[in-house]
Amino acid sequence: MTTTDTPVDNGVNVAALLEAREALTAAPEAAQFQWRANCVWEHGTHSRSTIERFFGLGGEQQHKTTFSFDADHPEIFASEDHGATPVEIVLVGLASCLTAGVAAVAQNREIQLRSVSATLEGDMDIQGILGIDSDVRNGFSGIKVTYDIDADASADEIKAIVAQSQKRSAVYDIITNPTNVTVEVR
Amino acid sequence: MQSTTTVVIGAGHAGLAMSRQLTARSIDHVVLERGDVANTWKTERWDSLRLLTPNWQSRLPGLTYDGDDPDGYMTMPEVISFIDRYARLVSAPVQRGTTVTAVRATSDGYVVDTDQGSWRAPTVVLATGACNVAHVPAFAGAVPPDVAQVTSMQYRRPQQLDDGGVLVVGASATGIQLADEIHRSGRPVTLAVGAHVRAPRMYRGLDIQRWMDDIGLLDERYDEVDDITRVRRLPSLQIVGTPQRTTLDINALTANGVRLVGRLAGISDGKAQFSGSLRNACAMADLKLGRLLDTIDEWATDHGLDAQLEPPWRPEPTGVEESPPLGLDLAGGDIRTIVWATGYRPDYSWLQVPVLDRKGLIRHDGGVVDDAPGLYLLGMPFLRRRKSTLIDGAGADTNELSSHLAGYLEQAAVGRSNGARLTQPGQENPSPPAGFLGAATMSADVQRLYDNDVSGMGYVMNTSRVWAHDAVALDRLSELLGHVVRTGSLTFRQRGILITSCASALGDSYCSLAWGKKLAAEAGDEFAASVLRGDDGELDESEKALAVWARQVARDPNNTDASDVSRLREAGFDDATIFSITVFVALRIAFSTVNDALGARPDWQLADAMPTSVRDAVAFGRPLADGGDPS
Numbered sequence: 001m002t003t004t005d006t007p008v009d010n011g012v013n014v015a016a017l018l019e020a021r022e023a024l025t026a027a028p029e030a031a032q033f034q035w036r037a038n039c040v041w042e043h044g045t046h047s048r049s050t051i052e053r054f055f056g057l058g059g060e061q062q063h064k065t066t067f068s069f070d071a072d073h074p075e076i077f078a079s080e081d082h083g084a085t086p087v088e089i090v091l092v093g094l095a096s097c098l099t100a101g102v103a104a105v106a107q108n109r110e111i112q113l114r115s116v117s118a119t120l121e122g123d124m125d126i127q128g129i130l131g132i133d134s135d136v137r138n139g140f141s142g143i144k145v146t147y148d149i150d151a152d153a154s155a156d157e158i159k160a161i162v163a164q165s166q167k168r169s170a171v172y173d174i175i176t177n178p179t180n181v182t183v184e185v186r
Numbered sequence: 001m002q003s004t005t006t007v008v009i010g011a012g013h014a015g016l017a018m019s020r021q022l023t024a025r026s027i028d029h030v031v032l033e034r035g036d037v038a039n040t041w042k043t044e045r046w047d048s049l050r051l052l053t054p055n056w057q058s059r060l061p062g063l064t065y066d067g068d069d070p071d072g073y074m075t076m077p078e079v080i081s082f083i084d085r086y087a088r089l090v091s092a093p094v095q096r097g098t099t100v101t102a103v104r105a106t107s108d109g110y111v112v113d114t115d116q117g118s119w120r121a122p123t124v125v126l127a128t129g130a131c132n133v134a135h136v137p138a139f140a141g142a143v144p145p146d147v148a149q150v151t152s153m154q155y156r157r158p159q160q161l162d163d164g165g166v167l168v169v170g171a172s173a174t175g176i177q178l179a180d181e182i183h184r185s186g187r188p189v190t191l192a193v194g195a196h197v198r199a200p201r202m203y204r205g206l207d208i209q210r211w212m213d214d215i216g217l218l219d220e221r222y223d224e225v226d227d228i229t230r231v232r233r234l235p236s237l238q239i240v241g242t243p244q245r246t247t248l249d250i251n252a253l254t255a256n257g258v259r260l261v262g263r264l265a266g267i268s269d270g271k272a273q274f275s276g277s278l279r280n281a282c283a284m285a286d287l288k289l290g291r292l293l294d295t296i297d298e299w300a301t302d303h304g305l306d307a308q309l310e311p312p313w314r315p316e317p318t319g320v321e322e323s324p325p326l327g328l329d330l331a332g333g334d335i336r337t338i339v340w341a342t343g344y345r346p347d348y349s350w351l352q353v354p355v356l357d358r359k360g361l362i363r364h365d366g367g368v369v370d371d372a373p374g375l376y377l378l379g380m381p382f383l384r385r386r387k388s389t390l391i392d393g394a395g396a397d398t399n400e401l402s403s404h405l406a407g408y409l410e411q412a413a414v415g416r417s418n419g420a421r422l423t424q425p426g427q428e429n430p431s432p433p434a435g436f437l438g439a440a441t442m443s444a445d446v447q448r449l450y451d452n453d454v455s456g457m458g459y460v461m462n463t464s465r466v467w468a469h470d471a472v473a474l475d476r477l478s479e480l481l482g483h484v485v486r487t488g489s490l491t492f493r494q495r496g497i498l499i500t501s502c503a504s505a506l507g508d509s510y511c512s513l514a515w516g517k518k519l520a521a522e523a524g525d526e527f528a529a530s531v532l533r534g535d536d537g538e539l540d541e542s543e544k545a546l547a548v549w550a551r552q553v554a555r556d557p558n559n560t561d562a563s564d565v566s567r568l569r570e571a572g573f574d575d576a577t578i579f580s581i582t583v584f585v586a587l588r589i590a591f592s593t594v595n596d597a598l599g600a601r602p603d604w605q606l607a608d609a610m611p612t613s614v615r616d617a618v619a620f621g622r623p624l625a626d627g628g629d630p631s
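Going line by line, the protein sequences match chains L and V. Residues 1 to 186 (the numbering used here) are what the first sequence spells out, left to right. Residues 1 to 631 (the numbering used here) are what the second sequence spells out, left to right.
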């Protein structure tokens, strides 16, 4: 029972999200989505991926524009560094997924955010990808995400927002749980 | 085929409590039980299990624990003998050794087929519980064959397992208890931990269940929580009942050497894969526990109890090692047994009435099964309140559902005697008039109004028969009331206080009785009676302020002044809430005025299970409608 002078606005339309949740509960088939990317090899370790279309809500969907992502390796790997490394792009995916979640959860809990920033550190022993030591995995040995958040809320409320964001995050789930991957050649 | 009025399926504490309520209402019934009374407790639980709730909390309608250890926790033999004793006490008509093979809908009720013959009845109560089969994830099939698998329903004691390591999957009350005793037996345990709910056994000198009861958490109603689907899925509290009243949380397990891993996410090539989300699962449980303890501390301070209680404290955050293992080779020999403590599911394989949702659970509104008139459900998580799965939850739930069931039987009888269902628009209203006006013409809106009454109360209210002359007006009024309730965050209890004070000030017996009864169920008979009498004996300061204000608004709104509003502010209400409260009372005055002016008499069904003190406090207004036969 408190009054709020200015309505909380983190720019997330929670009402629309909650409506969508209700609608998709009633029509679970519309909740079946497929996300897609296309990738073209450019030269050396440089490739360019584009994102344009996806499937969801029972039909083909399209982004407002086509998004393009260059990936490469840095010069210390004898590459030309035309873009972020693919593993860095994974960190980008995790960071942006969790941060979107922070905004949405805060909005739903009527907590005004003033600033949110995250630092991500993915540790990797590259003896794995270089095939030096078969006991070392290729991927990250661990990822550390550190948030700095300024908001109208207590420290525990802010921690609870970040925890809930992890609980509902797609990329967090993709990274923390195994996924079957099928790679074929046409 | 035998006939009765109600078939209750299951003679656990819930089915027996329902039997007692039906007997009190003179409703003929039978309780069908596949085994013996308290069968699940007898045959499907492990040896060392004790109730998670203290003895004083074993309260059933007509029987409360009366032994000499109110703070102890019953062993399984004690639970069985308590429920046996209850069955005898209430003279429940239990037919033992009768397995239900099908429940089918017919044109006038249900047929219940059993291995001992069939029963026909207009009403059926499903009291088979939430825990009929152990749930095991689909990937259990990928466990290497030389690793034994045991579910929590098959598990009895550690010695039943091979020597060697054990992977316990799941960390609710079951998982942590099994992990603890198996590890202590010398079989090193790895515990896979997903989402869980942490709680200390004792806090500030009192049992956590005492706290949850005192602060009203266990009484929280299903129609008052934000997301009922979510709370119905919550895992059980991580607690154990022991004579030492010990806290068994993850820290206690790891201190003894149990190894923690994340949620078991899959099994591939004989390797178990654990989620990397362990740290967040533990952080969430720690934060949630912190919020619960904050709420308890605030409540204790508000009630002036700090001096007599131990000081507040906070448990250590759950310790998680720097890099918990993400995989485990099940074929390597370190793990000899997997214990699945991954929850239970109800078994409705015999239920041939199409009432299941896509997850295989029954669709219902507080135990009134959707789209199946006369079918009721008991004992499911958060069925009507947070305590619905506890022994202590059966009393209130069966009281309300048996009242609904009685009303439904009466309504069905009215429908039959009129020879038609109330379905044809334009038809003369087969429900008799309830006041000075004639019967309203039937329409889709009137039908909806009546249907809502029947599904919510079990009968058509006299007020609805009056408002049937413009059912849309009542819809709009209800919408407006709902709006101010949400805007002002008015709880059920606060609404009960406002309505009973307002109605008694107006001399309106109808709302005084209807809400006096609801308030009595929520807050106690004497509480409700004291509001109706106007002495407010049992109310706290904030509740008194509400009652006083509602009476002022009802009696003489021109004589209020700023000091009256100040009193509400001092009671903790801000101006926006005071406005909502006032609009709420004013709308209730409008509703009462229409009912009273047009001669709606209180429904005779209200007399059913009406607390004497409440009835005595309503010595005003129009008398109850003539009972039993509204036509």
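Just so you know, the hints here were simulated from the structure itself, not pulled from any lab data. For every residue, glycine included, the Cβ atom is placed at its ideal position computed from N, Cα and C. Just so you know, not all the hints are guaranteed correct.
[Unchecked claim] One-sided excerpt, in silico: chain L residues whose CB lies under 10 Å from chain V: (1) Ile132; (2) Asp135; (3) Ser141; (4) Gly142; (5) Thr146; (6) Asp173; (7) Ile175; (8) Asn177.
[Unchecked claim] No farther apart than 30 Å at their CA atoms in a straight line, the calculated lysine-lysine pairs in the DSS-like style are these: (9) L:Lys167 x V:Lys288; (10) L:Lys167 x V:Lys359; (11) V:Lys288 x L:Lys159; (12) V:Lys544 x V:Lys518; (13) V:Lys359 x V:Lys271; (14) L:Lys144 x V:Lys271; (15) V:Lys42 x L:Lys144; (16) L:Lys159 x L:Lys144; (17) L:Lys167 x L:Lys144; (18) V:Lys288 x V:Lys359; (19) L:Lys64 x L:Lys167; (20) L:Lys167 x V:Lys518; (21) V:Lys288 x V:Lys42.
Distance restraint between Lys359 (chain V) and Lys271 (chain V), which requires alpha-carbon spacing of 30 Å or less: holds (29 Å)
Hinted pair Lys167 (chain L) and Lys518 (chain V), Cα distance within 30 Å: Since the Cα atoms of Lys167 (chain L) and Lys518 (chain V) sit roughly 38 Å apart, the hinted pair is violated (cutoff 30 Å).
Closest C-beta approach of Gly142 (chain L) to chain V relative to 10 Å, hint status: holds (6 Å)
Supplied contact hint for Ser141 (chain L), tested at 10 Å Cβ to chain V: holds (7 Å)
Proposed interface contact between Ile175 (chain L) and chain V, which counts if any beta carbon pair is under 10 Å: Status holds, d = 7 Å.
Pair hint outcome, Lys64 (chain L) versus Lys167 (chain L) [Cα-Cα no greater than 30 Å]: holds (29 Å)
Lys167 (chain L) paired with Lys359 (chain V) [C-alpha distance capped at 30 Å]: holds (21 Å)
Status of the Asp173 (chain L) interface restraint (C-beta, 10 Å, chain V): holds (8 Å)
Minimum beta-carbon distance criterion (10 Å), Thr146 (chain L) to chain V: Constraint on Thr146 (chain L) not satisfied, violated at 13 Å.
Restraint check for Lys144 (chain L) with Lys271 (chain V), where alpha carbons must lie at most 30 Å apart: Answer holds: Lys144 (chain L) to Lys271 (chain V) is near 26 Å, not above 30 Å.
30 Å limit on alpha-carbon distance, applied to hinted pair Lys159 (chain L) and Lys144 (chain L): holds (15 Å)
Hinted pair Lys42 (chain V) and Lys144 (chain L), Cα distance within 30 Å: Roughly 49 Å between the alpha carbons, so the hint for Lys42 (chain V) and Lys144 (chain L) is violated.
Of the numbered hints listed earlier, those contradicted by the structure are 1, 2, 5, 15, 20 and 21.
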